[in-house]
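In case you want the letters, here they are:
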Amino acid sequence: GESVGLHLPTLSVQEGDNSIINCAYSNSASDYFIWYKQESGKGPQFIIDIRSNMDKRQGQRVTVLLNKTVKHLSLQIAATQPGDSAVYFCAVTRGRGSQGNLIFGKGTKLSVKP
Amino acid sequence: ETGVTQTPRHLVMGMTNKKSLKCEQHLGHNAMYWYKQSAKKPLELMFVYNFKEQTENNSVPSRFSPECPNSSHLFLHLHTLQPEDSALYLCASSQEGGRANTGELFFGEGSRLTVL
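Protein chains in written order, with my numbering: chain A, 1 to 114; chain B, 115 to 230.
No wet-lab data here; the hints were simulated from the structure.
Note that the coordinates shown come from a computational prediction; the quantities given were computed from them, not determined experimentally.
Misleading hints may appear alongside valid ones.
What follows is a set of in silico ranges between Cβ atoms, one per label pair, in the way DEER data are often shown [claimed, not checked]:
id: 1; chain 1: B; residue 1: Val126; chain 2: A; residue 2: Gln14; range: 37 to 47 Å
id: 2; chain 1: A; residue 1: Pro9; chain 2: B; residue 2: Leu141; range: 25 to 35 Å
id: 3; chain 1: B; residue 1: Met129; chain 2: A; residue 2: Asn67; range: 45 to 55 Å
id: 4; chain 1: A; residue 1: Gly16; chain 2: B; residue 2: Thr194; range: 44 to 54 Å
id: 5; chain 1: A; residue 1: Pro9; chain 2: B; residue 2: Val126; range: 27 to 37 Å
id: 6; chain 1: B; residue 1: Lys155; chain 2: A; residue 2: Lys42; range: 11 to 21 Å
id: 7; chain 1: B; residue 1: Leu141; chain 2: A; residue 2: Arg61; range: 24 to 34 Å
id: 8; chain 1: A; residue 1: Asp17; chain 2: B; residue 2: Ser134; range: 43 to 53 Å
id: 9; chain 1: B; residue 1: Gly142; chain 2: A; residue 2: Gly41; range: 40 to 50 Å
id: 10; chain 1: A; residue 1: Lys113; chain 2: B; residue 2: Glu198; range: 28 to 38 Å
Note that the Cβ used here is the ideal one computed from N, Cα and C, for glycine as well.
Work out the full structure, taking the sequences as your base and the hints as a guide.
Set out below in structure tokens:
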């Protein structure tokens with residue numbers, strides 16, 4: 001069946017360093033990919049997305065990389081700050097055109113040390 | 115007002131109780147969702163409503179009963195739940211179809227349910 005997996009359940013980085021969170025997916029028909037951030041006691045919040053016709057997209061301090069050949073997705077956070085501490089989820093569509101119907105990974109908990 | 119509001123934020127109920135979770139979205143979206151978030155498990159999609167019509171029931175037990183009276187409101191009615199149903203229940207909305215379709219889900223802050 002379809003699955004989305006994350007390489008590390010936890011990640012600890014020093015404030016100011018760059019963070020990289022990885023995600024692997026199984027469905028080659030997935031065409032839309034999103035990263036969400038969930039702070040303690042809150043619902044997931046959209047960070048950045050990318051469609052399958054791109055391999056890189058940049059936002060403010062965040063970059064998403066997509067490698068469709070190996071079905072791998074990563075989120076890079078530049079100059080990580082204490083406010084970035086949260087659980088990060090990748091989500092992928094179940095197939096072409098099913099954009100609101102997402103499969104989520106388990107999440108990576110990012111801890112930022114001051 | 116936040117985009118998606120859920121009430122109550124916390125709920126404790128016995129296995130024989132009947133309760134309901136409420137979700138309201140103020141974003142003008144046409145699709146609403148219920149997700150279940152359990153510890154150390156991925157978010158699980160439960161129900162999808164598109165233009166008030168249920169388009170997906172992800173093999174959810176009948177003790178969970180959704181209701182979508184209009185495109186802004188979504189309820190989850192709970193009856194004779196089990197302790198393993200204890201979880202965070204998240205509501206989300208999105209705009210599906212057309213040029214405004216980004217596929218992005220907007221989540222509420224969740225209702226933390228504990229079944230005793």
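Evaluated hints:
For the pair valine 126 of chain B and glutamine 14 of chain A, the beta carbons lie near 40 Å from each other, so the given range of 37 to 47 Å is met. In this structure the hint that proline 9 of chain A and leucine 141 of chain B lie 25 to 35 Å apart at CB holds, the actual value being about 32 Å. Between methionine 129 of chain B and asparagine 67 of chain A the beta carbons are some 47 Å apart, a value that agrees with the proposed interval 45 to 55 Å. In this structure, glycine 16 of chain A and threonine 194 of chain B meet the distance hint of 44 to 54 Å, their C-beta atoms being roughly 52 Å apart.
Taken as a hint, the range 27 to 37 Å holds for the pair proline 9 of chain A and valine 126 of chain B, whose Cβ atoms sit roughly 28 Å apart. The supplied range of 11 to 21 Å is met by lysine 155 of chain B and lysine 42 of chain A, whose beta-carbon atoms lie about 18 Å from each other. Taking the beta carbon of each, leucine 141 of chain B and arginine 61 of chain A are about 25 Å apart, inside 24 to 34 Å as hinted. At roughly 46 Å, the beta carbons of aspartate 17 of chain A and serine 134 of chain B sit within the given window of 43 to 53 Å.
Distance hint for glycine 142 of chain B and glycine 41 of chain A: a CB-CB separation of about 27 Å, inconsistent with the stated range 40 to 50 Å. A beta carbon spacing of about 36 Å between lysine 113 of chain A and glutamate 198 of chain B agrees with the range 28 to 38 Å that was offered as a hint.
Hint compliance for this structure: hint 9 alone is broken.
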